[in-house]
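From just these sequences and the hints, can you work out the full model?
Order-wise, the sequence lines are chains A and B.
In terms of this note's numbering, the first sequence has 29 at position 29, counting the first letter as 1, and numbering is strictly consecutive.
Heads up, this note's numbering is the position in the second sequence plus 1000, with the first residue counted as 1.
Note that these hints are calculated values from the structure, not bench results.
As the structure is a computational prediction, the values presented were derived from the model and not from experiment.
Glycine included, each C-beta is placed from N, C-alpha and C at the ideal position.
The reader is advised that the hints may include incorrect statements.
What the hints assert, rightly or not - Some chain B residues flagged as far from chain A (calculated, every beta-carbon gap over 12 Å): (1) G1002; (2) R1013; (3) G1016; (4) N1018; (5) V1019; (6) T1020; (7) N1026; (8) S1049; (9) I1051; (10) V1052; (11) A1061; (12) S1067; (13) S1080; (14) A1081; (15) K1083; (16) V1112.
Claimed, not checked - Cut-off 30 Å, straight-line C-alpha distance, at most; resulting in silico cross-link-like pairs (DSSO-like, lysine-lysine): (17) B/K1057 - B/K1083; (18) B/K1014 - B/K1057; (19) A/K71 - A/K57; (20) B/K1083 - A/K103; (21) B/K1057 - B/K1071; (22) A/K103 - B/K1014; (23) B/K1009 - A/K103; (24) B/K1057 - B/K1009; (25) B/K1057 - B/K1070; (26) B/K1009 - B/K1070; (27) A/K57 - A/K17; (28) B/K1083 - B/K1009; (29) B/K1057 - A/K71; (30) A/K17 - A/K71; (31) A/K103 - B/K1057.
Unchecked claim - What the simulated footprint calls covered on chain A by chain B, stretch by stretch (three residues with Cβ under 8 Å from a Cβ of chain B suffice, anywhere in the stretch; the number is not a length): (32) 43 to 54; (33) 95 to 102.
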Amino acid sequence: KNQVEQSPQSLIILEGKNCTLQCNYTVSPFSNLRWYKQDTGRGPVSLTIMTFSENTKSNGRYTATLDADTKQSSLHITASQLSDSASYICVVRDGNNRLAFGKGNQVVVIP
Amino acid sequence: DGGITQSPKYLFRKEGQNVTLSCEQNLNHDAMYWYRQDPGQGLRLIYYSQIVNDFQKGDIAEGYSVSREKKESFPLTVTSAQKNPTAFYLCASQQGTGANVLTFGAGSRLTVL
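Listed below in structure tokens is the structure:
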């Protein structure tokens, strides 16, 4: 069964600090991996997509990495802002076009 | 503005009642999806439709029903047969398949009293 595990489950960081979220998956065959940001009570919004050949991709202060060999991805948030408080969801698509969702990393940024 | 509109945002119902959640998109997307989100769990697929007048069960379809009479509309009915319907429901759409991004609505929170 395709699985996506995210860690840490939740974290609290000070405004201006950096943090890194982890995503490990067992999806096979792998097609692509997306990170979504979900604000409380809202729908998820895509931040970035990673394909097999991509190692790093940035979207503003968000940088995603992918190691397809170890089946790991990370999302790094630089110089966090209060608006970064959200759940970050890792979603992996397999070669049969099925999606596997992680449970999310709950990030709280405090002033 | 193009997007997905879900309504109502909040809904309360008594046990034994059916309720229908609306999902409308003006993105001209072919595929539409319904997901359920519970605290501490990943999104779970209820139903999906890749074309008008056709839809398929997802992983947790029991107790739910859908229709796709128009390309832009994909309503979800939560029936009394759903044992634990209290949840946050998300509708999404996608242009084609494959790597294309899912566009989500703002969600509907259903509470069964």
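These are the hints, each one checked on the structure:
1. Listed as a non-interface residue, B/G1002 keeps its Cβ farther than 12 Å from every Cβ of chain A; the least gap is roughly 14 Å.
2. The beta carbon of B/R1013 sits about 19 Å from the closest Cβ of chain A, which is more than 12 Å, so the claim that it is off the interface holds.
3. Residue placement check: B/G1016 keeps its beta carbon more than 12 Å from all beta carbons of chain A (closest about 27 Å).
4. A cut-off of 12 Å between C-beta atoms confirms that B/N1018 is not in contact with chain A; the least separation is 24 Å.
5. Taking the minimum C-beta to C-beta distance to chain A, about 19 Å, the non-interface status of B/V1019 holds against the 12 Å cut.
6. No Cβ of chain A approaches the Cβ of B/T1020 within 12 Å, the least distance being about 19 Å, so the stated non-interface status holds.
7. Interface exclusion of B/N1026 from chain A stands, the closest Cβ pair being 16 Å apart, more than 12 Å.
8. The claim that B/S1049 lies off the interface holds: its Cβ sits roughly 14 Å from the closest Cβ of chain A, which is beyond the 12 Å cut-off.
9. No Cβ of chain A comes within 12 Å of the Cβ of B/I1051; the nearest lies about 15 Å off, and the non-interface call holds.
10. For B/V1052, the shortest C-beta to C-beta distance to chain A comes to about 19 Å, beyond the 12 Å cut-off, and the non-interface label holds.
11. The beta carbon of B/A1061 is kept farther than 12 Å from every beta carbon of chain A, the shortest such distance being approximately 15 Å.
12. Non-interface call for B/S1067 relative to chain A: holds, since the shortest CB-CB distance, roughly 21 Å, exceeds 12 Å.
13. Every CB of chain A is more than 12 Å from the CB of B/S1080 (nearest about 26 Å), matching its label as outside the interface.
14. With a least CB separation of 25 Å from chain A, B/A1081 remains clear of the 12 Å interface cut-off, as annotated.
15. Consistency note on B/K1083: stated as away from chain A, and its beta-carbon is indeed over 12 Å from all of that chain's, at 22 Å minimum.
16. With a closest Cβ-Cβ approach of about 19 Å to chain A, B/V1112 is found to remain outside the 12 Å limit, as its non-interface label requires.
17. The hinted pair formed by B/K1057 and B/K1083 meets the criterion: a straight-line CA distance of about 17 Å does not exceed 30 Å.
18. A threshold of 30 Å between alpha carbons decides the hint, and for B/K1014 with B/K1057 the separation of about 25 Å falls inside it, so the pair holds.
19. The hinted pair formed by A/K71 and A/K57 meets the criterion: a straight-line CA distance of about 16 Å does not exceed 30 Å.
20. Annotation: proposed proximity of B/K1083 to A/K103 holds, straight-line Cα distance about 22 Å (limit 30 Å).
21. Pair hint B/K1057 plus B/K1071 holds up; C-alpha atoms about 18 Å apart against a cutoff of 30 Å.
22. Between A/K103 and B/K1014 the alpha-carbon distance is near 29 Å, which keeps this suggested pair within the 30 Å criterion.
23. Using a Cα cut-off of 30 Å, the hinted pair B/K1009 and A/K103 holds, with the two alpha carbons roughly 22 Å apart.
24. Under the criterion of a C-alpha separation no larger than 30 Å, the hint pairing B/K1057 with B/K1009 is consistent with the structure, at around 24 Å.
25. Restraint check: the Cα-Cα separation between B/K1057 and B/K1070 comes to about 18 Å, which is no more than 30 Å; the hinted pair holds.
26. Straight-line distance between C-alpha atoms of B/K1009 and B/K1070 comes to about 22 Å, which keeps the hinted pair within the 30 Å bound.
27. Our distance criterion of 30 Å between C-alpha atoms is met by A/K57 and A/K17, whose separation comes to about 20 Å.
28. For the hint pairing B/K1083 with B/K1009, the CA-to-CA distance comes to about 21 Å; that is within 30 Å, so the pair holds.
29. About 29 Å separates the Cα atoms of B/K1057 and A/K71, which keeps this hinted pair within 30 Å; it holds.
30. Among the hinted pairs, A/K17 with A/K71 is consistent with the structure: their alpha-carbon atoms are about 27 Å apart, no more than 30 Å.
31. Of the supplied pair hints, the one linking A/K103 and B/K1057 holds, its CA atoms being roughly 22 Å apart against a limit of 30 Å.
32. Counting residues of the segment 43 to 54 of chain A whose beta carbon lies closer than 8 Å to any beta carbon of chain B gives 6, which meets the minimum of three for the stated coverage.
33. Counting residues of the segment 95 to 102 of chain A whose beta-carbon sits less than 8 Å from any beta-carbon of chain B gives 5, enough to reach three: the coverage restraint holds.
Hint compliance for this structure: every hint is met.
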